[in-house]
Structure formats: structure tokens, C-alpha cells
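Number of protein chains: 4
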Amino acid sequence: MLSEATEARVRASFARQKLMATFGAEIAALSSGHCMLTSPILALAEQQHGVGHAGLTFALGDTAAGYAALTLMADEAEVMTAEMKINLLAPSHGTRLFATGKVVKAGKRLMVVTAEVAVETEGTRRLVAILQGTMVPVLPRLTR
Amino acid sequence: MLSEATEARVRASFARQKLMATFGAEIAALSSGHCMLTSPILALAEQQHGVGHAGLTFALGDTAAGYAALTLMADEAEVMTAEMKINLLAPSHGTRLFATGKVVKAGKRLMVVTAEVAVETEGTRRLVAILQGTMVPVLPRLTR
Amino acid sequence: MLSEATEARVRASFARQKLMATFGAEIAALSSGHCMLTSPILALAEQQHGVGHAGLTFALGDTAAGYAALTLMADEAEVMTAEMKINLLAPSHGTRLFATGKVVKAGKRLMVVTAEVAVETEGTRRLVAILQGTMVPVLPRLTR
Amino acid sequence: MLSEATEARVRASFARQKLMATFGAEIAALSSGHCMLTSPILALAEQQHGVGHAGLTFALGDTAAGYAALTLMADEAEVMTAEMKINLLAPSHGTRLFATGKVVKAGKRLMVVTAEVAVETEGTRRLVAILQGTMVPVLPRLTR
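Residue numbers (the numbering used here), protein chains in the order written: chain L, 806 to 949; chain R, 806 to 949; chain A, 806 to 949; chain U, 806 to 949.
Calculated directly from the structure, the hints in this document are not laboratory data. Warning: the hint list may mix true and false statements.
A pair holds if it fits inside one copy or across any two, identical chains being indistinguishable in the list.
SDA-like cross-link-like pairs, simulated, lysine to any residue; straight-line CA separation at most 20 angstroms [what the hints assert, rightly or not]: (1) LYS907 - GLU812; (2) LYS913 - PRO942; (3) LYS823 - LYS910; (4) LYS823 - ALA848; (5) LYS913 - GLY928; (6) LYS913 - THR900; (7) LYS913 - LEU944; (8) LYS907 - GLU831; (9) LYS823 - ARG930; (10) LYS823 - HIS898.
The shape of chain L in the complex, shown without the other chains (with noise of 0.2 angstroms):
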């Protein structure tokens, strides 16, 4: 289970990035190795055939699978992606994206991680992309 002190941990970090207040991403899961976020497809997000950017995507499920490695990591350390690859099933036509990330292997030095990106339209969920990665543990002053 997820300790509340981590709860709050993750949600505090995730509140400062201004980058998923910019594209209305909110938490909408958070247990231990695992974070789903959502987010509306916005008008600014989009690409050039009016559907969601391949960086709109990327950007949740790589954030998704950050904060469920967070969720494993000592108390003093934040986050970083040290690698992310993704493979895109379909266009991201819908109205919201669900990113669910969860920790594979959960290393000291490294944690490998994926995440699943689906697009919802007219209630029905479709899976858009898959990402597999490796998630760093940085103490907050090697960040800057």
C-alpha cells in the first residue's frame, strides 16, 4: 500500500509540472508501482489533422510511468526518465486519454517501467499507444 506521506509526495510533484496543468492532465489512480493519469485531448494539444500530438501522448504515459516508479523510490529522491520509447497503434481521436504506467523492475539505480495510453470517445475506451522505459532516482539537487 501507498503511504500517505508518499501520496502526498507524489501528488505534490506532479501539482508543480506545469507542463500537465497545460494540457488539463489530472491523477486519476495512484497505488504502490503504479499512476494513471487522464487528460481532455485540448484544442492546443493537437496536431495537424486535429487529433492529438504524438507529444501529447508521449508526455502522459511517460509522466504516468514516472510517478509509479516515484511511488517506489526513498523519500529525499525525485524522478527523471533516463530513456522512453514508444510505439503508436492508432491516431488519438477522442475526447480524453487515460495513461496508465506501471513498475517492472524496480532497482535501486534503475527502475524499468511501461505504460499504456488509451484514448476514450463516446465511452468507450481504445489503446493508442504502448511505452516501455528506465526511470532514475535524482536527489532534488542534481535536478537543477
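On the provided structure of chain L, position chains R, A and U as indicated by the hints.
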């Protein structure tokens, strides 16, 4: 060399990308198989430590690679990312990003691309990310 | 379900892979969109510390994913890897590997696949790698 | 420049890789942050169409990148692949492969690397794959 028609087509497509407008991104250079984008690091695109979000870095690198590919595609084609991988080398601590995409292999069905993203701060540029991925040509009717 | 013709086609293709024979690999299970391979960790496939080489882990995972994709392709098609990414979770310290590939999205031009590789030691299995990539169908004449 | 001690250490590690011996691979060039391997395409490493298996291409590219990284690591360290991505550009149709690895960013905990693999046929070389990934230094006791 890039024909006027192709250059106009690429610039028109880029101009329709609302996410690029949100980030303040522009095309800095365009030639056959190459594209450089530049963008300020606006507050709206920051992560939790006040530097550019990995989602911004990814979106610029991916888009630069995509338009590099589009310069080599048939007239009626649009470009979509099939998959993309990013390795982040350093935090995007600075005022402006430069993303340079190029085509490594221009196949008929798949184009293999790479991109580099650098951050500029006080007049010097530092590499912050490298990307490697696959672009596919699609007919406009297929992208909606 | 997998038709007899498709199963025969996949098994015949696998049987022609000399690298798989070199590693002692076999098909352990095969169904529509899924393929499990297994292989001993022979001395000839070790890395510098006497455990299975990442190249062995990759080859099994990639091949399992490829044949998972081939079960869903048209009769005349062969399968080739367009791109593949592997995250290694732990050294392949054990006696036997099991690689399980599956199709996440079966498009006409591209198939997105994932695979997991586990090592068996003293009767227990442990995940050592996850893979995510893209397979493409090719006509036999194009692959030579 | 590469010290004699470092060169000896890298060559000794490579010599212990039985998979490289199986493939007939050798170190063709080695300098600080760079490593080139070469290997014939033996029948034992072929895929179903009689050309080099993607597993061979990957193993060479990954190993070249790994030893490029090891040249920049501390004396007691060994190198392991954390993750690696390969894009295959063309079938390995020819007689010999050349894999060139280099270090893009040498961090203390992570090294970001790339590699290119070319096939030689009738005296000309053609790029068949590009790789991008992450190497980590490990103490010998941790790798068993």
C-alpha cells in the same frame, strides 16, 4: 534540393500543429531529409523542477524527425510516427531548444529517422537528448 | 485458433533459422498472436561472466515476437523485424530461457509486438528482459 | 587516448565472451569511447532466408557499444546493457558485418551509446542497422 512545392507542403502541415504553436516552436531550417525546429522553453512546458519537460523535448525531436521524413515522401502523403525512442542526456536547463531531425533510411513503407535536441543557455548549446524512430507515410483520409 | 496450415508455415520458417538451431531453441507453444520459445543457455552463447549473452536474450525475444506476428499474417508473407527495443532486468543466470511473444496491434502494414524473457533456475522462473517492437510482413522475394 | 591497461582490460573481457567466439567476431578497432567489431556471417547465425539473423546484428552492435562504454569506465568496472534499441534498415545480405559503437554521453551511473552495423559484400559496405541504448557500469561481484 527541396522543391518549393514540398517546402510549402511541409510548412503548411507544421502550421496546422497546434501543439507546436502552444510551445512557440518554429521551423529554423528545412532541406531534403533534414528539419530543424526551435522553441523557447516556456513556463507552460516545464516539469516539476522548472526546466523543460521531457514531453517538450520529445515533441520537438519527434516533430523535427517527422518533417525531415515528410520532405522525402510523395506529394499526397502525410507523415505519422510509428515509434520513437528518446534517451535523455541532461535536464533541459536553459532558454531555448533546438531539435534537428534527419532521415537515415528512406524506404517506401518505412522511414528510419534520428533526431538530436540541444538546449541553449547564455549563447552555448548542449545536447540534451537523442531520438531514433520510424515514420510512416499515410494518405490523408487514413489519418482521421 | 491457429489453422494447421499456418502452424505448419510458422514451424517450417522457424526450422530454417540456423541461429535458433545453434542456440538449441525450440517452439514451446504457438497460438494465434502468441509464440513461446525455449532454449538452454549453452556455453557457446555466454557473455564474459558465464551467463547468457544479451544477444541470446534478444534473439529469443525478437524471434518469439516475430513468429507471434507471423501467425496473423497472410499466407504468402514472411516476417521481418523493423525495430525492437529490449530492457534487461537481470543477468540470465540459470539453465534455460523462455521467451514469450505476443501481438499487441495487428495492422496491415505494421504489427506492434511485445515479448518477455524469463530464465529458469532450479525450477523457478524469473523475468530477465522485456521487449517492444515492430514487425513487418514481407513477400519472400523481397527478403533476399 | 586509450591507456594500455584499459585496452588490455577491454580485450580480456571481449575474449571471455563465448558468443562472440561462436560468431567469429573480433575487435577491429578500439579507442577512447569507440569500438569497432567485425564478424563473418557464418551459416550458424543465419535466419530463415539465408542472411544474417537480427540476433547477430543486435549482438554485434550491442557488444560494440558496450566496449566503447567500457573504455571510459573505472578500472574495476564491468559493463552491462541496461537497454538497447535497434532499427533494422536492410537484410544482412553479404559476407561480413562491421559494428561501430560510440559513447554519446558518459555519465557516472549511465552511459548513452549508439552503434551502426554495416554489411560488406563484394568490397562495398552498406548500413543495415542503427542502435541506441544505455550501458551501466557494474562491479564484478554484482554481475553473477
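Between LYS823 and ALA848, at a C-alpha cutoff of 20 angstroms, which is it: within one copy, between copies, both, or neither?
both (17 angstroms within a copy, 7 angstroms between copies)
For LYS907 and GLU812, with the copy left unspecified, which applies at a CA distance of at most 20 angstroms: within, between, both, or neither?
Intra 15 angstroms, inter 34 angstroms, cutoff 20 angstroms: intra-copy only.
My question is about LYS913 and GLY928: at a cut-off of 20 angstroms on alpha-carbon distance, are they close within one copy, between copies, both, or neither?
neither (40 angstroms within a copy, 27 angstroms between copies)
Alpha-carbon proximity context of LYS823 and HIS898, limit 20 angstroms
Between. Shortest inter-copy distance 15 angstroms satisfies the 20 angstroms Cα cut-off; intra-copy 24 angstroms does not.
Using 20 angstroms as the alpha-carbon threshold, which applies to LYS823 and LYS910: within, between, both, or neither?
neither (28 angstroms within a copy, 28 angstroms between copies)
If the cutoff is 20 angstroms on CA atoms, where do LYS913 and PRO942 land: within, between, both or neither? Let me know, please.
both (8 angstroms within a copy, 14 angstroms between copies)
I want to check one pair: LYS907 and GLU831. Are their C-alpha atoms no more than 20 angstroms apart within a copy, between two copies, both, or neither?
within (17 angstroms within a copy, 31 angstroms between copies)
Evaluate LYS913 and THR900 at a C-alpha cut-off of 20 angstroms and name the case that applies: within, between, both or neither.
Neither: 38 angstroms inside a copy, 26 angstroms across copies.
Up to 20 angstroms between alpha-carbons, please classify LYS913 paired with LEU944: within, between, both or neither.
both (13 angstroms within a copy, 14 angstroms between copies)
With identical chains treated as interchangeable, where does the CA-CA distance between LYS823 and ARG930 reach 20 angstroms or less: within a copy, between copies, both, or neither?
Result: close neither inside a copy nor across copies, 26 angstroms intra and 24 angstroms inter.
Consistency note: the structure conflicts with the earlier hints numbered 3, 5, 6, 9.
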